[in-house]
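Turn these sequences into a full structure, and let the hints guide you.
Spelled out, the chains give:
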Amino acid sequence: MDVLTRLAHFFAPLTHYVAYILAYLFESIFLVIFVTIVLVFMIYLFRKYMARVQLRIGPNRVGKFGLLQLMADGLKLAGKESILPKGRDDLPFRIAPLIVFIGLVMSFAILPYGDFYWIGSLTITHSNVSVILLFAAIAIMPIGEILAGVSSRNKYAILGALRGVAKDVSFEVPMMISVIALVMMASARTSEPLNLSDLVSSQIIPFGIPEVIGLLVFFISMIARASYSPFDMGESDSELVSGHSTEYSGMRFGMFYMGLFGSIFLSSMMVSLLYLGGYNGPFSSDAGFVYLLIKTVVLVLIAFTVWLSVPRIRIDRFVNMGWKYLLPISIINLIIAGIITLGVGL
Amino acid sequence: MIQEEQKNEHREWTELNMGPQHPSTHGVLRLKVKLDGETVKEVEPIIGYLHRNAEKICELDYYCDSLIYFDRMDYVAAMNMEVGYLEAAEKLLNIPPPERAQWIRVIMAELGRIAAHLVWAGAFGLDLGMLSPFFYCFVQREKILRIFTEICGSRQETNYMSIGGVYQDINENIIYMIEEFTKEFPDKLEEIFNAFVKNDIFMSRNKGIGILEPDVAIQYAVTGPMLRASGIEYDVRKAEPYLVYDKLNFDIPVSYKKDNLARFLVRFEEMRQSVRIVKQAIKKIPDGPYFNPKAKKSLMIRLRGEGEVYARTESPKGEFGVYLVGDGGVKPYRVRVRSPSLRNLSVIRHLGKDVLIADLIAISGTIDLVFGEVDR
Amino acid sequence: MVEVLEETTGKDGRKVLKVAKENLLALLSDLKDNGFTHLSLITGIDRKSKLEVVYHLHNLTKNEYVVVKTETLDERVPSATGLFKSADWDEREQYDLMGIVFEGHPNLKRLFLPDSWVGHPLRKNYDLSKVQYINMDENGDDYATFDPGDGW
Amino acid sequence: MIEVKEPKKELPLVGTLKAMWIVGKHIFQKPVTTQYPEERKPMPDRFRFRIFLSLDDCVGCTLCEQVCPNLSIHMNKVERENPRNKRKIYPDVNFGTCTVCRNCEEICPTDAIYLTHVFETSRTRNSFTYSPDELSLSEDEVIK
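Keeping their order, the protein sequence lines are chains A, B, C and D.
For our numbering, add 1 to where a residue sits in the first sequence, where the first one is 1.
For our numbering, add 3 to where a residue sits in the second sequence, where the first one is 1.
For our numbering, add 1 to where a residue sits in the third sequence, where the first one is 1.
For our numbering, add 5 to where a residue sits in the fourth sequence, where the first one is 1.
Heads up, some of the hints might be wrong.
Partner residues aside, some chain B positions facing chain C, computed with beta carbon under 7 Å [to be verified]:
1. Glu18
2. Asn20
3. Gly51
4. Asn56
5. Lys59
6. Lys94
7. Ile98
8. Ala224
9. Tyr237
10. Ala242
11. Asn252
12. Phe253
13. Tyr313
14. Tyr326
15. Arg337
16. Arg341
Hints listed in this document are in silico derivations from the structure and should not be mistaken for laboratory results.
Since we're looking at a predicted model, the values are computed, not measured.
Every residue, glycine too, gets a C-beta built ideally from N, C-alpha and C.
Right, here's the structure in full:
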């Protein structure tokens with residue numbers, strides 16, 4: 002029993018089609034609410050964690066422990082004028098932040114979330130090829146960033162967009178190869194290794210243990226995907242002011258900001274799903290979602306620590322690293338995965 | 004139109020304006036950069052956005068009043084600026100400070116040097132994208148500023164020294180505070196140092212980048228840590244000792260690697276040496292008056308000076324020189340300040356050729372710019 | 002050997018060489034060959050009837066210091082940029098604030114103030130009561146006017 | 006003269022992890038910031054900000070006006086009986102330009118002008134100038 006079927010049962014007095022349409026509608030609303038809560042939580046967590054690491058207190062004025070600070074900031078951003086630069090390409094400039102945000106929500110829709118006590122399965126999309134779908138969805142966000150960079154007619158923005166392209170090209174190949182290794186490993190246990198739910202469920206031992214190299218490559222690629230330090234060359238604040246989002250203000254900027262934090266959470270969740278067993282846990286399988294959240298938050302904190310302590314890498318060195326180190330390493334990892342799959346049958 | 008473009012041989016170069024409002028230009032530096040893709044082909048620094056013409060203001064004021072304008076030149080190391088001005092003014096006015104005042108000044112100058120280098124280290128980390136070490140640097144700096152507040156009542160723009168000595172004597176409590184600071188600071192400094200140099204990416208961003216050859220450095224009149232990182236062992240404190248630096252035991256750090264990392268290491272070693280100086284000075288500080296009675300406080304606007312004096316001191320940024328010309332009146336006839344940052348900045352035209360944008364930022368970070376002093 | 006008009010020792014114990022402005026470059030290059038490679042400072046002093054230009058030179062290896070002085074009646078002095086690169090900005094600054102024209106300087110523009118600024122502030126006869134306003138043109142360069150314009 | 010040595014080279018990634026640990030362990034330390042209006046650190050004894058004036062002691066010598074580097078002090082005519090101040094002029098202070106250099110306190114021959122701990126003196130733009138009467142308020146009155 003998952004959320005969708007429950008909703009459909011709830012609307013069953015109406016006709017079959019209407020019930021399912023309503024069920025999907027409500028599920029999408031739940032999803033957007035979930036993503037919003039995640040974003041608010043992430044930004045609050047980041048600000049508090051950053052403050053404590055830097056010997057400060059962080060937001061503590063609006064609401065208890067500053068919990069309402071994000072509401073205040075959101076209101077402030079929404080109330081601000083969204084300045085449109087003079088030489089912009091109008092339509093791409095306006096839709097670029099939306100593309101980033103939609104890509105984020107879509108990616109969240111594809112992830113499997115596991116069970117949660119009385120609600121049952123929280124997974125939204127049931128597809129045989131959800132791995133491919135997921136990586137297609139997270140590839141949407143860079144399009145928005147590149148559009149933003151090119152359409153705002155700002156030299157910093159164009160440089161940021163160019164850097165973003167160079168970065169994406171150099172890390173996505175190793176990332177995909179390390180995912181292929183996972184699919185190979187999973188294919189020994191399940192008939193549908195491209196289905197994310199099956200891929201996650203087939204981890205009796207988390208894939209991260211035999212696939213340490215893959216985990217490392219994937220984690221690095223995910224940092225680059227979410228583009229925070231050390232791989233934030235695209236919007237490096239001390240070099241390119243703010244990269245592709247230089248010309249944005251108000252709520253449009255807010256969407257890029259949310260996209261950044263959303264993709265940190267998304268990437269941590271993907272690492273925990275693919276490599277750390279996801280919603281598999283030692284005790285009751287009812288608490289799968291809780292296990293997933295715990296693993297994700299730990300990974301998020303590690304990601305924040307990386308962000309706060311490591312300087313930015315230079316773009317040429319990163320491209321070098323992608324092609325000269327990550328790619329060969331991920332191919333070696335693929336071979337190891339093949340040997341394990343054939344020989345050990347893990 | 005198209006023909007015109009073809010005539011222009013560098014038509015593919017992008018012109019980019021960095022600053023004056025840019026996150027990593029340390030105030031109001033404006034760099035006109037010509038880019039070929041990501042590579043910087045030409046840099047032209049444009050300065051003057053913080054220009055107040057302090058030299059003219061000093062001409063219009065009494066000798067004792069000019070001090071506060073020197074405070075505001077290198078505003079992160081106000082004590083060193085005061086030492087620099089008073090070296091010149093006291094020679095011109097023939098009012099040497101008593102022994103105790105000289106020792107106090109040495110302690111203050113070295114504490115100021117540590118504070119200035121800490122600000123630089125934190126800001127340099129920010130330039131490279133390290134968010135946290137900035138705060139650890141500033142926490143330590145705040146302890147120094149607390150000592151300054153305890154001594155003279157102001158945090159940054161101290162106005163502590165005056166012609167003929169210092170305004171207020173230091174007492175037991177302050178000596179205790181400074182001793183405590185020198186005890187616990189070296190460990191914290193090592194921690195900050197490790198937070199930087201253990202990082203592989205930090206090392207790769209700095210090693211072999213921005214190499215400044217010694218002959219170029221001399222051509223551009225570069226001084227201070229930048230010159231020493233290029234392998235020239237030169238420090239005004241040793242070459243032309245002022246105050247009581249000749250009675251103190253300390254080393255001048257030199258590096259022969261000439262790159263960004265060398266400048267980074269030299270500055271950190273300087274901080275360690277400054278702690279060493281403070282530790283010695285606080286023990287040796289003699290009793291006696293802290294103010295020369297010749298410069299009576301009620302008569303301080305009546306001081307007259309004649310002649311020409313040039314005094315050099317070693318400020319955190321480099322050789323800080325003050326050239327005072329007096330015509331026998333109560334106000335100086337001409338004040339000329341040799342600001343080290345200005346000369347150090349001019350070398351960016353040489354260093355910023357054929358480097359990446361990211362490296363240009365790193366190089367301008369190691370120059371250690373404070374715009375109050377560059378523009379004056 | 003270059004003819005030196007007067008050799009004295011200043012109040013701070015530094016050697017001062019006075020030289021006619023025609024012989025200035027010859028003396029500077031002579032000193033540069035003798036190890037005074039570090040041109041620390043160029044100062045212009047407005048003596049009302051004449052302008053005095055002071056060069057502070059420095060020998061880093063021998064740790065010696067020398068001050069070279071020259072005078073000019075027509076605001077013109079030969080430029081030392083061919084000998085010392087640090088003279089570039091120093092001379093621009095002195096041109097900007099003191100109005101000394103350094104002949105042969107490749108890029109003699111104002112260093113601190115905008116190009117359209119009227120007058121040289123460090124001159125003794127500079128009128129401080131006249132207010133000039135700085136505005137920005139379309140290219141982001143500054144210009145100065147006596148008219149406050151819109152921004153004020 | 007000592008030559009600075011480059012630090013020992015760490016294994017790739019290991020050094021970065023060490024640096025991350027140095028940063029991450031600060032989370033166990035106490036924050037150093039104070040929440041200003043509620044918490045106040047004790048003021049150092051020598052901390053000075055607001056200028057006060059003792060009208061009875063002021064002799065109207067104008068020394069403070071002369072020594073002020075920013076021309077913040079001007080002498081004002083105040084109708085007040087004071088046998089020591091024949092010209093009946095007293096200083097007023099423009100706090101908009103005052104840099105708290107304490108030169109006026111140093112030079113005052115009768116210690117009439119002095120600085121105190123009071124520092125919460127925010128005002129609107131047009132009322133930065135303190136008249137002699139305002140300057141002569143006592144410290145407790147100002148805090149009120």
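Hints, one by one, checked against the model:
1. Glu18: violated (10 Å)
2. Asn20: OK, holds: Asn20 (chain B) within 7 Å of chain C, min 6 Å.
3. Gly51: Holds. Min distance 4 Å.
4. Asn56: holds (5 Å)
5. Lys59: holds (5 Å)
6. Lys94: Since the shortest Cβ distance to chain C is 6 Å, the answer is holds.
7. Ile98: Where the cut-off is 7 Å and the nearest Cβ of chain C is about 13 Å from Ile98 (chain B), the hint is violated.
8. Ala224: Because about 3 Å separates Ala224 (chain B) from the closest Cβ in chain C, which is inside the 7 Å limit, the hint holds.
9. Tyr237: holds (5 Å)
10. Ala242: Result: holds, 5 Å to nearest chain C Cβ.
11. Asn252: Nearest chain C Cβ about 20 Å off; hint violated.
12. Phe253: violated (18 Å)
13. Tyr313: holds (6 Å)
14. Tyr326: Holds, about 6 Å.
15. Arg337: Arg337 (chain B) check passes; min Cβ-Cβ to chain C is 5 Å, inside 7 Å.
16. Arg341: Holds: closest Cβ of chain C sits about 5 Å from Arg341 (chain B), inside 7 Å.
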